[in-house]
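> Please arrange chain W on chain G, whose structure you already have, making use of the hints.
Sequences listed follow chains G and W, in order.
Start counting the first sequence at -4; every next residue gets the next number (the numbering used here).
Start counting the second sequence at 205; every next residue gets the next number (the numbering used here).
Some hints could be false.
As the list claims (entries may be wrong) - Here are the in silico distance ranges between beta carbons for each label pair: (1) G:P172 with W:G516: 50 to 60 Å; (2) W:K389 with G:L94: 57 to 67 Å; (3) W:M503 with G:R2: 48 to 58 Å; (4) W:I282 with G:R46: 48 to 58 Å; (5) G:P155 with W:N248: 15 to 25 Å; (6) W:D412 with G:M(-2): 17 to 27 Å; (7) G:T241 with W:N478: 57 to 67 Å.
Stated by the list, open to error - Taking lysine-lysine and the DSBU-like style, the derived pairs with C-alpha atoms no more than 30 Å apart in a straight line are: (8) G:K246 with W:K496; (9) W:K496 with W:K473; (10) W:K215 with G:K246; (11) W:K237 with W:K421; (12) G:K246 with W:K432; (13) W:K237 with W:K215; (14) W:K432 with W:K473; (15) W:K471 with W:K496; (16) W:K432 with W:K513.
To be verified - Stretch-level coverage of chain G by chain W, calculated; a stretch enters the list once three of its residues show a Cβ under 8 Å from a Cβ in chain W: (17) 72 to 86; (18) 192 to 202; (19) 223 to 231; (20) 239 to 247.
Note that these hints are calculated values from the structure, not bench results.
Quick caveat: nothing in here was measured; it's all calculated off a predicted structure.
All residues carry an ideal CB built from backbone N, CA and C; glycine is no exception.
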Amino acid sequence: MDMHLSRFGREMRVAWAIASKDMRTYYTRPPSIMFGILFPFSLFLSFSVGRNIPIALQIPILIAQTLFFASSSIGPVVIPSERANQTFDRFLTSPVSLLTVLMGKTLAGLLYGVGISVIPILVGIVFFGSHIASFEALIACMILSALGFSAMGIVFASIPGQTPGQVMMPLNFVRIPLLFISGVYIPVRELPFWGQATSLLSPLTHTIELARYALGGETFFGPVVNIAVLAAYTTVFLFMSIRFHTMNQRKE
Amino acid sequence: MTEMKSQYAIKVTNLMKKYGDLVAVDHINFDIKKGEVFGFLGPNGAGKTTTIRMLTGISIPTEGNALIMGYDIQRSPIEAKEQMGIVPDISNIYNELSAWDNLIFTGRLYDMPKSHRERRAEELLKMFGLYERRKEKVQDFSRGMKRRICIAMALMNRANLLFLDEPTSGLDVQSVLIIRDLIRKLNQEGLTIFVTTHNIEEASQMCDRVAIINHGKIAAINTPEWLKRTVEGLQSVEIAFDTMPQDALEQLHAFADVSEVVKEGDKFKLYTYNPASVLASTWSYAQSNNLKLITINTMGPSLEDVFVKLTGIRPATAQQNEPGAGVRKTVGQGRERR
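Looking at chain G on its own, in the form it has when it is part of the complex (with noise of 0.2 Å):
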């Protein structure tokens, strides 16, 4: 037991190494940036402006935006630069196993999402009067979707690329989509059924939910059944990250 938890610890404090080494170094990269933090803001400002919504009632939809594209955007920077530099194999040859090394990323990515999606946060509630109903369902929205969305950029990350530009861009392709059956531009109730059978597999529309219920809206499948398929997908995505990069070593 003693043994165990020795492990364990061990391997907390690896994986932490870790995301403070990617936090430190790639954060303020370049691609962190454009595809973590300007890429959310233009789409939610070219999709915003000049329709007649009220602007409090945008801040969930730029939270769970940031939380998703910048959460997801850190695996996908970090892990083809590491391997073009061919620094992840420092991680395969230290004694850690994958998932610690995959925790680690993961966390990374998961500080990052949350970090910037506090910002539509304050902005909403010092500019326009954004209150918050629930704290539990806010925490609860940006720790699961943060992490839930890092993973999904570490399976991305898992494609042979050496640059981040050979993962964002499959990854993109199902970023954007998401998008339009997320219930972020048209809400998921004024959808026809089969629009809202396809946007409950989203996960993103998970996010915007709990995002909208945090902040006195409502949310149309309920905040557990929004935290249940956040929580699936989460443990999904580490699953098939671990499972990929795995599939990488004996292709190695």
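This is chain W only, laid out in the frame that chain G set:
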């Protein structure tokens, strides 16, 4: 298993790696005793790096297994990896971090306590002459300095086994000498060293034993001297004249008992089974052509000769033999000596 732990640093059994239809490493077997410097020699694409990547856990073997200090790299990867330090063929350091931070981060990957990793980092940076520059980002360092940082990172965890993949390749002479000296020193301190190289002279000077790998298979494995003895018939006479006679290569090759002539700079190397006969022929040739002999040496076979015999490749001359290069020319059996 216990015996394995006490005797061998590495034990490889039927290790195989396949990429699609290509067999990069073909069921190799070898073992390395603790405290040995073991050289893994072979031409480019022979399977050296693939082998090292499997032994260090970067790549998963298609078949076979490898024990590192008694631990199976597949079944007990964490225990096996705790035993080793790795210097890959490319200095994989974090260019954005300082020399100090690179070492400290490595210490954190091995979960070394803060005071231990700081003490070790200081010790290593001083040992490599980089302590004064510890705060500088390594991206501004020269290639040789980056190599030294990379080796220092591999030594952070006080490993029992050090893997070095082409440690001196592409470095300046000073860095090469520092690294070779360091390898000797570390080995004297008890570290087992597995070094891949295509520098035959380096392997001959540094290694207790050498394995020659070609096309994914081990062609020979033994001490450098023993390997040289296997081609004892391949003795040579090295000669240099004061002036370079025309058609010398062809004329020298016509000597009795000469199997091959290689021109190396201003010297000729005549391979023979009978050096005495070649010495006599050389003397007559010099007399009749009014040439002055300025160098004459009889030489035993080198590790390069063994390598050429086993692989059919002359690594140091592969490019120099290109048309027009003119640095080293061969007449005779040369490449046919397989």
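> Closer than 8 Å, Cβ to Cβ, for at least three residues: run that test on the segment 192 to 202 of chain G against chain W and report holds or violated.
Violated, because only 0 residues of the segment 192 to 202 of chain G bring their Cβ atoms closer than 8 Å to Cβ atoms of chain W.
> If you draw a straight line from the CA of K237 (chain W) to the CA of K421 (chain W), is it 30 Å or shorter?
Given that 30 Å is the threshold and the Cα spacing comes to 21 Å, the pair holds.
> Is 57 to 67 Å right for how far apart the beta carbons of K389 (chain W) and L94 (chain G) are?
violated, 38 Å
> Hey, K496 (chain W) versus K473 (chain W), does the alpha-carbon distance stay inside 30 Å?
This hinted pair holds, its Cα atoms lying about 17 Å apart.
> Does K496 (chain W) lie within 30 Å of K471 (chain W) when you go C-alpha to C-alpha?
holds, 13 Å
> Would the hint linking K246 (chain G) and K432 (chain W) be met if the CA-CA limit is 30 Å?
This hinted pair is violated, its Cα atoms lying about 37 Å apart.
> Given the hint that K237 (chain W) pairs with K215 (chain W), test it: the Cα-Cα distance must not exceed 30 Å.
Between K237 (chain W) and K215 (chain W) the Cα gap is close to 9 Å, so the pair holds against 30 Å.
> Do three or more residues of the segment 72 to 86 of chain G come closer than 8 Å to chain W, measuring C-beta to C-beta?
holds (count 6)
> Look at the Cβ atoms of D412 (chain W) and M(-2) (chain G) and judge whether their distance stays inside 17 to 27 Å.
This hint is violated: roughly 37 Å between Cβ atoms.
> How does the segment 239 to 247 of chain G fare against chain W when you require at least three residues with a CB closer than 8 Å, holds or violated?
holds (count 5)
> T241 (chain G) and N478 (chain W), beta-carbon distance inside 57 to 67 Å?
holds, 60 Å
> Given the hinted pair K215 (chain W) and K246 (chain G), is their Cα-Cα distance within 30 Å?
Given that 30 Å is the threshold and the Cα spacing comes to 23 Å, the pair holds.
Hint compliance for this structure: hints 2, 6, 8, 12, 18, 19 are not met, and every other hint is.
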